Amino acid sequence: MTKRVLIGTAWPYANNHLHVGHLAALLPSDVLARFSRMMGYETIMVSGSDMHGTPITERAKKEGVSPAEIAGTYHAEFCDNFNKMLFTFDLYTNTFQFTCVGELVDLHRSGSVEDTVFHRDIHLRKLFVQFADCAKLA
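Going letter by letter, the sequence shown gives residues 455 to 592 in the numbering used here.
Since the hints were derived computationally from the structure, they do not count as laboratory data. Remember, it's a predicted structure, so these values are computed and weren't measured experimentally. Built from N, CA and C at the ideal position, the CB exists for glycine as well. Hints may be right or wrong, so weigh each one.
[Claimed, not checked] Computed cross-link-like contacts, SDA-like style, restricted to lysine to any residue with a CA-CA straight-line distance of at most 20 Å:
#1 Lys515 <-> Glu496
#2 Lys538 <-> Gly526
#3 Lys515 <-> Cys533
#4 Lys457 <-> Arg488
#5 Lys457 <-> Ala479
#6 Lys538 <-> Pro482
#7 Lys457 <-> Asp534
#8 Lys538 <-> Gly475
#9 Lys457 <-> Val485
#10 Lys538 <-> Ala479
#11 Lys516 <-> His471
#12 Lys515 <-> Gly526
#13 Lys538 <-> Gly494
#14 Lys457 <-> Gly475
#15 Lys457 <-> Gly494
#16 Lys515 <-> His471
#17 Lys538 <-> Lys457
[Stated by the list, open to error] For each label pair, taking beta carbons as the anchor points, the in silico distance ranges come out as:
#18 Ala530 <-> Pro482: 21 to 27 Å
#19 Met493 <-> Glu517: 44 to 50 Å
#20 Met492 <-> Glu531: 27 to 33 Å
#21 Thr456 <-> Glu523: 40 to 46 Å
#22 Leu477 <-> Gly507: 16 to 22 Å
#23 Glu523 <-> Met492: 36 to 42 Å
#24 Lys516 <-> Arg491: 25 to 31 Å
#25 Gly518 <-> Lys457: 46 to 52 Å
#26 Gly518 <-> Phe550: 20 to 26 Å
#27 Phe550 <-> His471: 18 to 24 Å
#28 Lys515 <-> Thr456: 23 to 29 Å
Construct the complete structure from the given sequences, taking the supplied hints into account.
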């Protein structure tokens, strides 16, 4: 049986351009995903833009636009940058897409994910476990 690996990375706030700190948080996950695939493991790497929160609201107030407009602009820029830098996300989504949590729960329920690696994002891991546990009760 092929080993299955899920790699979830940090979700950058979509309130400004990407910077070195974002790349420092995301690049090791991409390296791990590439290595996992090279080893023949069935690997899924997911992340997305955090489209909610105070940094986005504050930026929107300064610019006189809606938070959704700020977040949408920077999310599109992030996607373009990650494509140009050849990141290997299987799914790069955003927190406006409420199905992202459901998709992770479905992966967990189906037994598709045996090993879960979360780089630098313990909170996302805790959320995933909580949602997966809730799904078991449903």
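Practice problem: Please name the hints from earlier in the document that this structure breaks, with their numbers sorted from lowest to highest. | Solution: When the structure is compared with the hints, numbers 1, 3, 5, 7, 13, 14, 17, 24 and 28 turn out to be violated.
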